[in-house]
Each structure stands twice: as C-alpha cells, then as structure tokens.
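Sequence lines, in order, name chains G and E.
Going left to right, the first sequence walks through residues 1 to 562 as our numbering numbers them.
Going left to right, the second sequence walks through residues 563 to 943 as our numbering numbers them.
In case anyone wonders, no lab produced these hints; they're calculated from the structure.
Among these hints, one or two may not hold up.
To be verified - Partial selection, computed: residues in chain G whose CB lies under 10 angstroms from chain E:
hint, residue
1, L22
2, F25
3, R28
4, I30
5, A31
6, L33
7, V39
8, C41
9, I43
10, G44
11, M47
12, M50
13, A51
14, P129
What the hints assert, rightly or not - The list that follows gives simulated cross-link-like pairs (lysine-lysine, DSBU-like), each with its CA atoms no further than 30 angstroms apart:
hint, chain 1, residue 1, chain 2, residue 2
15, G, K21, E, K713
16, G, K385, G, K167
17, G, K307, G, K466
18, G, K211, G, K80
19, E, K715, G, K21
20, G, K436, G, K229
All figures in this text were calculated on a predicted structure; none of them were measured in a lab.
The beta-carbon is built from N, C-alpha and C at its ideal position, and this holds for glycine as well.
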Amino acid sequence: MENEFGSIVHPGNVNEPENYKLSNFRFRLIAILTAFVLVFCLIGTQMIIMAMNPDSKIIQTEANLGEISGRKDIEDRRGKLLATNITVNALYAHPHEIIDKNKVVIELANIFPDLELQFFRDKLMSKKPFVWLRKTISPKQQQSVKDIGQPGLYFGPREMRVYPNGKIASHALGGSRFGNERVDGAEVIGTAGVELYFDKFLRKINDGDSKLELSIDVTIQSLIEQILKDGIGLMGAKGGSVVLMESKTGEILSLASFPEFDPNRRPKNLFKDDPANSPIFNRAVQGIYELGSVFKIFTVALALDEKVVELGTKVNTKGPLRIGGRRISDHKYFGPSLTVEEVIVKSSNIGTVRIANKIGSVRLKEFYKQLGLLEKTSLELPESKLIVPQFPKKWKSLETATASYGHGIAVSPIHLAVAYSSLVNGGYKVEPTLLKNQAKVESRSFIISETTSQLVRSLLGQVVVKGTAKESNFGGYNVGGKTGTAEKPDPIRGGYYEDKVISTFASVFPISTADYVLVVTLDEPENNLGSESFRYASKTAVPISAKMISRIAPLLGLKTNE
Amino acid sequence: MTDIIFRPRSEFFEESELPRWWKTVDRWSLFSLVGLFLSGLLLGMAASAPLAEANGQQAFYYVNRQFMYGALSFTCILGLSILSVQENRRIALIGFLVTFMLLCALPIFGTDHGKGAVRWLSFFGFSLQPSEFLKPFFVVAIAWVISAGQKDKNIPGTAISFVITLLIVSLLIMQPDFGQAALFLSIWTIVYFVSGASYRLLVGFIFLTSIGGFMTYMNSEHFARRIDGFLSPDVDPRTQLGFATNSIQEGGLFGVGLGEGVIKWRLPDAHTDFIIAVAAEEYGVLICILIIIFFIIIVGRSFILLLDERDYFIRNCGVGSISFFAFQAIINLGVSVRLLPAKGMTLPFISYGGSSLVASGFLMGLLLACTRRRPQGNVNQ
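Please put together the full structure from these sequences, using the hints given.
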C-alpha cells in the first residue's frame with residue numbers, strides 16, 4: 001500500500017512481530033557493519049605495514065621441499081636404477097639488492113662461460129624485482145657465485161631428474177623437464193616414454209610404492225643396443241630396432257631403437273627432417289613398416305590349425321601367379337610344388353598365397369585381428385596410443401594374397417613380437433607390457449591349439465637349421481625364426497624402391513620352450529662384407545640377431561644345445 | 563531516530579523530481595562513488611597501457627572506453643535512484659528473469675575468454691558477463707521473496723529464496739566459478755541473517771557450507787592449488803600473488819613514480835583483478851588507503867541509513883546490495899595483501915571492465931534508492 005509520499009508503509013510493519021523487533025534488526029545490522037569496517041581496516045593496516053617494511057622479505061630463500069619436488073625412481077627388473085633425482089640448485093637474483101651490478105655481471109659471465117655477458121646485463125639491469133639466471137648450477141659454480149660476495153644473488157634448491165645409464169633404454173624412459181618452478185623447488189614433468197605415461201604415479205610419492213619397476217633388463221638392454229649400433233654401422237643402415245619379449249607374459253626385456261638419444265639432454269623435435277629419422281622417434285613402437293615374409297608363418301599356422309593342410313601337404317608353386325591384374329612371383333623358381341614345411345623354410349610367396357586361398361580372406365583377416373596385428377597395442381607408452389597398423393579396408397583376392405606374405409599391411413615391431421609370442425607360447429594371446437610382473441596370466445584366450453603352436457616352433461626351427469637363416473652362428477643355442485625382406489614403399493614416385501629394404505628377423509629361443517621372442521628390424525641395410533652386396537635379411541638382420549642371442553642367452557640362464 | 567517524520571512535509575513535495583532526489587539521496591555515498599570512479603580512471607591510465615599496446619591500440623584507448631562505460635554506469639545510478647523502490651523492484655524482477663535465462667544459456671552460447679571457464683556471452687562485437695548483471699537483480703529477487711515471507715507467515719519466503727540461490731550457485735559452479743558462487747551464497751546468508759534468521763539455523767547452515775567448501779577443496783585440483791598456494795608460508799615470486807606482494811613493498815608510501823611500475827607488464831590481469839597492486843606500486847600505498855576510505859564511507863553510510871528502515875523489502879534489498887559491494891571490494895583487496903587466497907574478483911568502480919562497471923551502477927542505483935530518506939511508518943520504537 002502506498003502513501004502520498006510515494007513510499008510504502010505496510011501495516012504489517014507498524015506492529016513489529018514479537019520475535020523480531022527493530023532493535024534486533026539494528027543489532028544485526030551493526031554487527032555486519034562492524035565486521036565489514038574491521039576487515040577494511042585490517043586490509044589497510046596490512047598494506048601500510050607492507051609498504052613501510054620493504055625489507056620484510058616474504059620471499060624466503062630457505063629450502064622448503066614440499067609437494068612439488070618429489071618423483072619416484074624408475075628401476076629395471078633386477079632393481080638397477082634407470083631414473084632418479086639429485087638435488088641441485090637454481091640461481092636467481094633480486095637485482096635491486098645488488099650493490100655493484102657491473103662487477104656481478106662480469107663475474108657471472110666468467111663463472112658461466114656458455115652464457116653471454118649481455119645476457120646477465122639484461123637480466124640484472126632490468127627493473128624486475130626477481131629474475132631467474134640459471135635453472136641448474138653445479139656445486140662448484142655455486143661456490144664461485146658465493147665468492148662474488150654481493151647481496152641479491154640467491155640459490156633455489158630443486159630435484160633434478162637424472163638417467164644414470166645415459167642413452168641406454170632412452171626410448172622406453174622418454175624424458176622429463178621442469179614444470180612449475182619456484183624458489184623452493186621445481187616440478188618435474190614427464191615428456192615422453194614411461195616418464196609421461198606414468199607421470200601421475202611417479203609424482204605421488206606417498207602412496208606406498210616407492211618406485212616404478214620396469215620389465216626391462218638393463219644389462220641385456222645395453223648389450224643389445226651395442227650390438228645393434230655396431231651392426232647398423234657395419235651395414236650402413238639408416239636405423240633399426242629390437243624388441244626382446246618374454247613370450248609367455250608379454251614382458252619386454254629390451255626395447256631398442258637406433259638412432260638413440262640421451263634422456264638427460266633430450267633433443268627437441270626436429271621438424272625440418274622426416275620425423276621418422278629423428279633420434280627421439282621410437283622405431284620399435286612408432287615405426288610401422290611392411291615387414292614382408294615374417295608374416296608367412298601366420299598364414300601357415302592358421303592353415304595348420306584349421307587343418308586345411310598338413311606339414312607334408314604338397315602346394316603348387318608354379319608361377320607367376322596373376323591375381324587382380326598383379327603378378328606375384330618368388331625370388332627364384334622353386335619347381336612345380338613344395339611341401340608346406342618347404343614353403344616356410346624356403347619362403348615361397350606363391351606357396352603362401354595358395355595356402356591363404358584355402359583358408360579364405362574372412363578367416364585370415366579375423367586371425368590377424370586375433371593376433372593383434374590390426375589394432376593399437378596396449379603397451380604402456382604414450383607413443384603407442386597413436387600408432388594404428390595400416391591395412392586395406394576390404395580384403396579382396398589381391399589384398400588377401402599380399403597380406404598372407406606380409407605386404408600391403410604395415411605394423412610396428414612390437415606388433416610383430418606380440419604376434420610371434422602368441423603363436424609360440426602355446427597359442428594364447430599376450431599383451432605387451434613394460435612393467436615387471438604385471439602380465440595378466442589368469443585369463444588366457446587361445447588363438448591356436450597347443451599342438452599347432454608346437455608345429456610352428458618346429459617349423460621356425462627348420463628355417464634356422466636348413467632355410468633362409470642357416471648361415472649364421474647362434475653360438476650353439478637352438479633357435480627358430482623367420483626372415484623377412486620387404487622393399488620400402490617410395491612415397492614420391494609411388495610403388496616400391498628396388499634397392500631400399502626393411503630387413504627383419506623374428507626369432508624364438510630356446511626352440512624347445514620358446515620362452516623368448518626377439519624381433520630385429522633394420523632400415524635400409526646393405527651387407528658389403530663379401531664380394532657381393534646383399535640386402536636380404538639372411539645376410540643382415542639374421543647375423544645381428546645371432547650375435548645378440550649368443551650374448552644374451554647366457555644372461556638369461558640358458559644352456560647351449562639342450 | 564524519529565526526526566525524519568518531523569521534517570517539514572515540503573521536503574518530500576518538491577515540484578520536480580531532480581531537486582527532491584538531490585535532497586533525499588545519500589550524497590556522501592554518491593560523492594564517494596564518483597571518487598572511486600575517478601581513482602579508477604587514474605589507475606587505468608597506468609594499468610591499461612600494456613594491454614593497449616598488446617592489442618595495438620593507442621595508450622589511453624582503454625581509459626577512454628572506461629570513461630564511456632562510467633558515464634553509462636552513473637546514468638544507471640541516477641536513473642534507478644530517482645525511481646521509487648517499487649519501480650526499481652519491477653524493473654529488477656524483469657531483469658532477473660532475463661539475466662537468469664542468459665546465465666542458463668551460457669553453456670550453449672557462451673564464449674570462453676581463454677581462462678578455461680565459460681562466463682561470457684558475445685554478440686554484435688560486445689561481450690557481456692551475465693553473472694555480473696545478475697547481482698543487483700538477484701538481490702531484489704531474494705529480498706522480495708524473503709520479505710513476502712516475513713509479512714505473511716504462510717509464504718515460505720526463505721525456502722523459496724534459498725532454492726533460487728542454490729540454482730544460481732550450481733549454474734556458477736558448472737562454469738566453473740567457485741568465487742562467484744561463494745559470493746552469491748554469502749549474500750543470501752547475510753540477507754537471511756538480517757531478515758531474522760534464528761541463530762541456531764544460521765550456525766547449522768554455515769557449518770554445512772564449510773563442509774561443502776572442504777569437499778570442493780578435496781575434489782577440485784584447481785581450487786585446492788589456490789588454497790595451498792595461499793596457505794604455504796612463503797610466496798613464490800613468480801605467481802600473481804608474489805608479484806602483487808612484491809609491488810606493494812616496492813611502491814612504499816608514495817610509489818615508484820608514474821609510469822615507472824613494472825608489475826603491469828607482467829600480470830595479465832593487472833587492469834582488472836590486480837589493479838590495486840598497480841596502484842600501490844606506481845602511486846604508493848596512500849592512494850590505496852584513500853580508496854579503502856571511500857569504500858568504508860559508502861558501506862558505513864548505507865548501513866547507518868538502513869538502521870531506521872521499517873520496510874522489510876527495503877531492508878533486505880539495501881543490505882543485500884551493499885553487502886555485494888563490500889564483499890567484492892574486500893575479496894579483491896584481501897587477495898592483493900595476501901589475507902585471502904587468489905581469486906579473480908573485480909574491484910567495483912576501479913577495475914577496468916564494462917560489464918562490471920555497468921552492473922555496479924545498477925547495484926549502487928538500487929542501493930541509493932533504498933537509502934533515500936523517506937517517511938517511516940512507525941515512530942514508537
């Protein structure tokens with residue numbers, strides 16, 4: 001209701017309710033006002049105190065290593081350190097506190113010869129109240145800085161990530177960098193590899209687990225890297241990769257890629273060159289290649305498991321074979337027919353295609369899928385999440401034919417190691433893992449029967465005894481394996497290079513139990529050691545694998561010629 | 563305090579609106595608001611230069627814009643405070659419905675200005691922050707609903723206003739904007755308090771809210787990091803807080819001198835959330851004290867004038883709007899002297915920003931309408 005003043009007078013208000021009188025309202029209002037005014041005064045006082053005491057340093061230089069500086073160690077399967085932290089110091093300054101700035105600039109430039117005089121001058125002559133000068137300094141440099149004897153130079157302690165083995169296992173480890181930096185510590189963030197994949201876990205330093213245990217064996221890893229590097233040098237290859245896997249668990253004992261890098265000084269991504277040639281490129285995981293004849297064993301294993309052929313079944317190898325307008329031939333004429341065993345031992349394309357035709361494209365594709373060859377792997381590396389194999393969408397007769405001997409389908413060496421492990425371990429699918437004792441063994445899904453797995457092992461053994469891998473010396477260990485030499489696709493002209501190959505040897509040892517699978521892949525190798533030059537896997541990847549096996553088998557506790 | 567009603571009637575019966583307004587409006591608050599705005603322009607000259615440079619504008623581009631918004635803001639103050647309270651209420655309730663719908667529309671049509679939260683609506687080259695405009699309208703809405711409950715015991719006014727508040731708070735948390743959400747909740751609590759809440763209920767409510775805040779702290783990394791940064795004993799010099807504390811120390815009583823400050827070049831929010839740090843560095847802490855005095859005058863005068871108010875709605879509305887104003891100032895100032903954890907909150911009439919300035923104009927127009935002297939119904943208390 002309105003009165004004549006243009007204001008409201010509510011009758012209800014005139015008689016204050018018993019429980020809420022005007023005095024009560026006033027009391028509450030005054031209470032709030034008092035609180036507001038007190039807070040304003042508090043803020044004003046605080047401002048004056050701060051302004052009057054510019055020396056009351058809120059910034060402390062004492063160490064206060066809190067939550068941001070911890071990071072768990074990474075160890076190999078035998079407890080050897082792969083990554084740990086050391087305490088170092090960062091150097092920063094409050095330029096306004098420095099008395100003789102010119103002297104400090106000259107002295108600092110002497111202590112840090114890698115930095116320009118101008119760098120320090122710009123930093124210290126700026127009006128900023130705070131400047132970082134260097135992220136990490138050595139104890140000796142720290143002493144020299146103290147010896148300058150000027151105020152305003154401070155040290156901030158921080159934990160720095162170090163990889164004591166240098167380049168060994170660099171691709172699995174990845175690398176790290178400083179994140180948020182404070183004077184009392186700096187955050188370490190994983191940038192690649194397990195450091196990135198397990199970043200959250202590594203940062204939680206109080207959850208009971210004090211370390212991350214990898215399945216890598218650093219002794220074997222360093223041997224393999226050395227032999228790979230020597231071999232690549234000898235054969236003038238662009239690069240190469242090695243995967244050593246426990247066939248029954250999928251645990252990776254060694255993961256190598258060359259060229260390599262030092263995670264202590266991880267190189268930046270080099271964009272001007274093909275990234276696939278960069279040292280930080282993990283060929284074993286990120287590189288997908290057409291791997292060629294190493295796939296033939298998949299086709300034959302399926303044919304044996306489906307019982308469409310037996311080892312002794314004769315297969316027509318008369319060529320050339322014309323499918324969908326394309327010619328499929330062998331590298332030499334093997335006669336009118338070979339047994340299934342001979343198709344693998346001598347590596348006949350025509351024979352494999354004829355076996356594949358007996359299976360049918362639908363079943364072959366399904367089998368490849370079961371082996372994990374058509375999907376991403378579940379390996380614990382951020383890089384593997386992005387890598388999907390390449391293969392034709394529709395498998396008509398031509399696509400099926402080429403896929404049966406490993407062409408027109410590109411997978412990573414990890415994929416190959418998983419597929420071989422699953423074939424020889426008794427026939428169940430394994431998942432690759434970089435973690436120790438993490439493999440899921442209770443839920444085994446069998447892809448082929450135990451008997452077929454046994455047949456596959458003996459077939460692979462025959463390749464080494466009398467087939468494409470017979471010339472190499474495996475140091476007296478019983479080894480099985482399959483070679484593959486695939487011409488590289490030419491991205492510019494289309495089609496394939498005639499003189500550039502990816503040469504692969506997928507091997508299994510010891511042949512009786514097939515506990516370990518070793519996949520060695522070389523990019524553009526050429527063996528010029530004899531009178532002729534060879535690119536075939538039998539002259540490139542096989543001898544390198546042979547050397548590796550003869551050196552690492554003793555470390556794995558294996559005996560010769562069991 | 564019965565003198566008002568005994569004033570000559572002529573004081574309320576001027577021929578034209580404007581002189582009548584001039585005689586009844588709280589001139590102390592009005593002048594303080596002008597003082598705040600002018601200080602804001604002065605600080606803006608220093609603080610917005612880097613932003614202008616970054617956006618390729620002339621040095622005083624943002625000061626000019628701020629001046630334009632200021633004119634609009636004071637037009638709102640004049641326009642609203644000249645109207646009667648119930649006319650204000652009518653406008654505000656319509657405004658409440660519109661802004662509330664805009665706030666609801668944010669998840670669909672909103673834009674993210676690069677801070678990871680969708681708080682802005684953009685159209686025709688303008689961007690507008692609905693949560694700023696919601697403030698004055700929200701105050702009117704809950705004041706009205708609560709006062710309805712006070713007048714008629716059959717209306718569950720408090721409950722309805724609480725539901726409205728919760729709805730808005732959850733919309734703000736979804737953005738996410740925990741600070742604004744807490745602000746709206748606090749305003750409701752204060753209005754509820756002055757409307758005669760029982761102390762027992764109030765303590766229970768505050769207890770529940772604290773538990774809610776603690777749960778948010780445990781579950782939100784972003785939120786927790788800010789609180790942790792605040793609780794840690796030493797300030798990291800590379801954070802916004804570190805810069806702000808540093809600059810107050812650097813400035814001393816009289817400042818490092820015009821244009822000499824460095825903080826404005828280093829803090830991205832120097833012209834809005836941390837403008838007081840720029841003020842302290844360049845002009846010295848005395849100008850900050852002056853600004854604080856302006857705030858105290860406005861808050862003090864408004865509360866004192868409201869002491870005599872008899873109308874439930876005007877009481878609630880006045881207390882709500884002045885509390886919004888005071889809270890914003892306290893949070894902004896408290897952060898820069900490290901009495902509070904880092905929270906982006908504009909300083910009313912000082913920080914740069916069209917939405918904030920015009921919305922504050924609405925809020926203050928409403929407040930001045932509530933605190934205008936008018937005859938009170940009961941003289942017997």
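List of violated hint numbers, smallest to largest: none
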